[in-house]
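A.B. asks: Straight run, no breaks: the sequence shown in the numbering used here ends on number 947.
The hints are simulated quantities; they were obtained by calculation from the structure and are not laboratory data.
Everything numeric in this text was worked out from a predicted model, so none of it was measured.
Any given hint could turn out to be false.
Simulated restraints, written as ranges between beta carbons of each label pair [claimed, not checked]:
(1) 58 to 327: 54 to 60 angstroms
(2) 244 to 176: 24 to 30 angstroms
(3) 290 to 615: 47 to 53 angstroms
No more than 30 angstroms apart at the CA atoms, straight line, and that leaves these computed lysine-lysine pairs for DSS-like [as the list claims (entries may be wrong)]:
(4) 466 to 317
(5) 852 to 842
(6) 466 to 568
C-beta atoms are modelled at their ideal positions from N, C-alpha and C, and glycine is treated no differently.
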Amino acid sequence: MGSGKTVFLEAVELRTRSAGAHILHAAASRVEHADPLGAIDQLLRDTSLPAEFAERVAELLDEGLNTIWHSDQSRVAGGEAAVARGRWHTRMWEVLRDLAIDRPVVLIIDDAHNLDPASQQCLLYLLRRLRSARILVLLGERASARQAKPVLREELLHELRSRLIELAPLSERGIARFLADELGQDTGDALVSVCHSVTGGNPLLVWALAEDCAAAGTASEGTLPVGDAFRRAIENCVVRSEASVQLVARGLAIVGDQASTMVLGKVLGLSDVLVADALTALRDAGLLNGWCFRHEAMREVVLYGIPAEQRTSLHARAATTLHEYGAPVFAVAEQLLAADVVPSASMVRVLHEAAGQVLSAGEPRSAIGFLRLANRSTAGGRLDVATRSALAWVEWQLDPASVVRHIPALRVAFKAHQLGGQGIVKLFAYLLWHGRITDALDMLEDVQRAQSGEDAGPPDAVDIRTLRFWVGHLYPGAAHPAVADEAHQGAPLLSAPQPLKSASLVAHMHDSAHAEKVLIQAEQILHSSRMDDMTPVSITSALVAMIYSDRLSCARSWCDSFLEEAAVRRMTTWHGLLAALGSVINFRQGRLEAASAQAHRALTVIPAASWGVGVGLPLAGALLAATATGDLAAANSYLSMPVPDVMFKTPFALHYLHARGRHLLANNHFHAALGDFTACGELMTSWNVDAPALVPWRSDSAMAYLGLGQSDQARRLVDEQVVRLAPGNSRARGISLRVRALTEDVVDRPAVLREAIDVLQDSGDRLEAALAYADLSQAHYARHDHRLASKAARSARELAKECGAVNLLRALPPEAGHLAPHELPGPRVPGDLSAAERKVAALASKGLTNQQIANRLHVTISTVEQHLTKAYRKLNVAGRAELPLELRLEPSGPRP
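All chains, full assembly: derive it from the sequences and hints.
C.D. replies: Structure representation (structure tokens):
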């Protein structure tokens, strides 16, 4: 197969012809094997024969074909046939002998292993008489076919003047010379080495690679492309081989690295001897290195050449054989998938096990392929239910929306008590994710009845407390009051099973009485978990607890670690959830670029339409970051994304309303912002989760009231928030102190703001600390302490730059905080502010309340509010806290 024998015979023919010999050439063919004298007919009907010899040959061939070797043997039969053939052989020998009198005769027969029986008999007769004539016979045969004509080979080997020439594969040196001749340039050692490795020195394959290399023009680059010529050469090698060799090549292409002599024999229905001989032939031909094809293109060509029906049959037989021989389940499952036939019950179990293995290895799409095939089984009962449940879970991890089509069948299985314990928990999770709270509550009641003995129980135990905790936490307004209350009663369950422990953790994360236990439990979960099956539920629960406990640096470290693992293992849903949490963590640390990137990542790996009720979390992170960085276009795009109505029955609505309110506040829509903050507060109060660490809605509402000039109302809300704070310093306490300071007289603000800055820096929130520094700078300017104002502004600017807080940087005079008042740059206040608007804004920037401004300017509070609203809009600031510092140098106007 591609050994170069044909080229060798052609070279001999060329040389002997040039020496004046008569050349008679034939190529035996498998196709003509049944045609008597096919090869001899080719050999002797040569146009170069002299006329008298051509006539004698034609007469002989006609006689032999029409009489002696006629298919029905009607003309010559029995013993007369042997006599007739003997006379015919003698006459043929005399013709060749006479031809050799004038000059030597060279008989060349390529592919002699394909000789038809009649031609072989004739050739044997001639070979026994060669000593008396100047006749040279050259026979070319494949090494793999040496047993095809044993009589002919034995005759030749016993002939003293015969020579057996075995063509060895090309060495690396030979390949180097060949490539240099073919490509017209010297090739590097690397190219030669690769060529030898791919071809095994098979001349046909080397030539084909040289042709591909020349066509691609990559010889100078030292690369060896595998193109059409190489593929045709592989096909030629295989097609021209014996049937058993072809079949074994196909078996190897099907079975792959699980191949062995016994496995191939069983799959192909061949004896071990035939398989071993075929393997030797394939190795000699340079197609195999051990048990493997030398190049993937070889396997591809062989596979492509297998008829579809045979390929299906071979894959199915390979699956059965490999399973019987104890091959790895993944190898068996791959064969089942390739066969694409409905699996038996035993093979369904193999597919399940293989799906679990590839899922653990980070190949969920492969797991889906195995499980979808298993799902075609008609075995029935729990096995089919287990398959659908497993398939739904893996598909959910890639795209949560895909699980919706499985929910009806899984609910039927649940009602029939065919769904296992984990399957019940997962179905419950799908219903909660997609907002099907009524179905979830019905399911909870069914489990309750089954466990109380009112109904036949489910096959596996389900801890109903886990289900109660989750529905009570995720749907506190929709759950039965008893369920919602139970979720927040008692203490965190430190020694419970992981699912129950994580559910308990989430339920108690806002309970200051158990804060220490919550953190201990969260750390236990994070240290003992890895991304596997249900564990990400526990991981995200622990991260949420750490976020609301202000353990932000620790939470970010864990989140980044698990996020990377989820990405590597292609666990899309967990990837998205962790990215959304990463956005929350980064925003609370003032890392706005990272917060934006993580939110975008979360909404990319899981499209918004697939997020279910959880979409509020990544949208909130994206919106908060876009607002703080001043990216109005991005913020508007996030606001335009639809959210399901049922989301507003879940805690995700709290984050969404808070983020939307912050965006409205930044754009001076104080009443609308107040509406979102108030709605958020009402939900938190009604759900009994009114914790500032979750969402500080009162301080944000206070900022909206300050924008409206209602400082008393703002102060009241902040004081209420302070009362609800957990003991000790926290991010929420720092925020509360900062906003509380803005409700104080200018004289009292610096002390409160310095305390707020200390607390915020301790919590790790650089953005809120930057805002507090900006407020402190304004307070000092209002008190005419320009040195301290400059120092605070410089700190605010540095932190704002670190955070990427563009909106805050716009409110600060660029690099002017260190200058004396007379050295400040010209006012950045737009010239289109009216005189009245400028006066009101100047007084507001100095810390006066709306009532104090109205008294000083002798106008109504309503007039002050109107002027301020217009000034905020023209200055593009959120409120008086962001008014340009140079306004404080404006004349103060009349005093009452």
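A.B. asks: Tell me the hint numbers this structure goes against, listed in increasing order.
C.D. replies: 1, 2, 4, 6
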